[in-house]
Amino acid sequence: MKQVFTKILGIEIGFTTKVEDFIKHKNEKITYTKQPLQNEFFVRSHELLFEQGINDVEINVMSWDNVPCFFFAGERSNLPFDIFAASFYLISRYEEYLPHVKDAHGRFPSKGSLAYEHKFLERPVVDIWAMKLFVILKERFPSLVQGPRKYKYLSLIDVTTSHCYANRGVIRGAAGFLLDLGTFRIKRLIERIAVGLNIKKDPYDNFATLIEWHKKLKINSIFFFQFANYSKYDKNVSTNSNNFRSLIKYIGDYSTVALAASYSSFNNIELLKDEKQNLEDVVNRPVNYSRMRYNRVDVPETYRNLIAAEFTDDFTMGYSHQIGFRAGTCTPFQFYDIPLEVQQPIKVFPFVLHDYALREIGKKRELERRMDAIYNEIKLVKGTFISIFSNELLGSDHTFDWKEVYHQLISKYHV
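Numbered per the working numbering, the sequence shown spans residues 1 to 415.
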């Protein structure tokens, strides 16, 4: 309820379970129960918010003025569904606690979500519901005023591989050279030699360009650096590289630097703490923001680990290969730990668009249409548009010129 009213609508609220206090209150009031007391604004409650733990929940999706919703409330309710239980179900990621088949990296599959199944993954339904609720409340309480809320755009840059060829050391450089030679990747071999001789710039080294664009358009950005030892899934430049450390400090002068936690630290709190501390030693300031490698989130353990490592904000909530709102919202929220029945001290910033998802769209016009649709949905509810691009994709050869796509995106959607 605080998320719906305070965070989204900007309306302060209070709670009471005492009937006499409720009746005495002369200003705007709502009953959230099974039966109304008098003739007040009434939302019939679903049992979800009154339960303990996780239970199998029956869900039937219906339409409310062409907006999908669920948890039908009956005719006596002033709303056709329980907006608070439905919002909690999506934002808490209730369905991710239920039995499901995980993918190869242990992730909850987007196609297993209620939103994907019922085709509302690309709509921030919680924010839409909240805005529609305000319109109805305004009719009942004309003096009700919505708080200020502005559309925001935030660009996240993943730096899990800062350079393709440069700063990789003699052994890794030689191994890459022999691999390219043995597999007859001539173009890559020529490019590797050109970078090694300083004839050409490393293709992944597009940081100066990104900084320039961000400064010119006044883009809020966060660069997430992986600062970990080499492993099967973690292949960034060595943390001992002075050039790599200098790059991080350079970025830190113009943008926020945060941690892209390694694959190896997913279930290893001590390693996660070490990576955080080591990055803090480079930038000489606290690192409070995190992203998990490959967007791996296992609720609630991942957030408990991040809290134990003293992170305050996480930017992993979203799907790698699917555009959409994993938590049904474009508004940051505090993570709620259902087994512990407590709101945890970490804020979750849900992203809607990952470059991996864009890569799976074959046509430029379709890609632009999908991005425009997402922007329009977020702009309508004055939410926060968060996108994720990697310097690696921006510097790679693909069907599209991804730097052009990214520049187009930030130019159109930053306001």
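Treat the hints with care, as some may be off.
Dumping the calculated EDC-like pairs for lysine to aspartate or glutamate here, alpha-carbon to alpha-carbon at most 20 Å [stated by the list, open to error]: (1) Lys363 - Asp401; (2) Lys152 - Glu377; (3) Lys403 - Glu122; (4) Lys132 - Glu75; (5) Lys138 - Glu28; (6) Lys273 - Glu310; (7) Lys132 - Glu28; (8) Lys201 - Asp401; (9) Lys119 - Asp401; (10) Lys412 - Glu122; (11) Lys201 - Glu28; (12) Lys363 - Glu310.
No lab work stands behind these hints, which were simulated from the structure alone. Note that the structure is a prediction, hence the values are computed from the model and not measured.
Hint by hint, here is what the structure shows:
A C-alpha spacing of about 12 Å is found between Lys363 and Asp401, which places the hinted pair at or below 20 Å, so the restraint holds. With a C-alpha separation of about 13 Å, the suggested pair Lys152 and Glu377 falls inside the 20 Å cut-off, and the hint holds. A distance of roughly 24 Å separates the Cα atoms of Lys403 and Glu122; the hinted pair therefore is violated under the 20 Å criterion. About 18 Å separates the Cα atoms of Lys132 and Glu75, which keeps this hinted pair within 20 Å; it holds.
Straight-line distance between C-alpha atoms of Lys138 and Glu28 comes to about 10 Å, which keeps the hinted pair within the 20 Å bound. With a C-alpha separation of about 8 Å, the suggested pairing of Lys273 with Glu310 holds against the 20 Å cut-off. With a C-alpha separation of about 17 Å, the suggested pair Lys132 and Glu28 falls inside the 20 Å cut-off, and the hint holds. For a cut-off of 20 Å, the pair hint linking Lys201 to Asp401 stands: about 17 Å separates their Cα positions.
With a CA separation close to 30 Å, the supplied pair Lys119 and Asp401 exceeds the 20 Å bound. With a C-alpha separation of about 19 Å, the suggested pairing of Lys412 with Glu122 holds against the 20 Å cut-off. A C-alpha spacing of about 63 Å is found between Lys201 and Glu28, which places the hinted pair above 20 Å, so the restraint is violated. Taken as a hint, the Lys363 and Glu310 pair is broken in the structure, with Cα atoms around 42 Å apart against an allowance of 20 Å.
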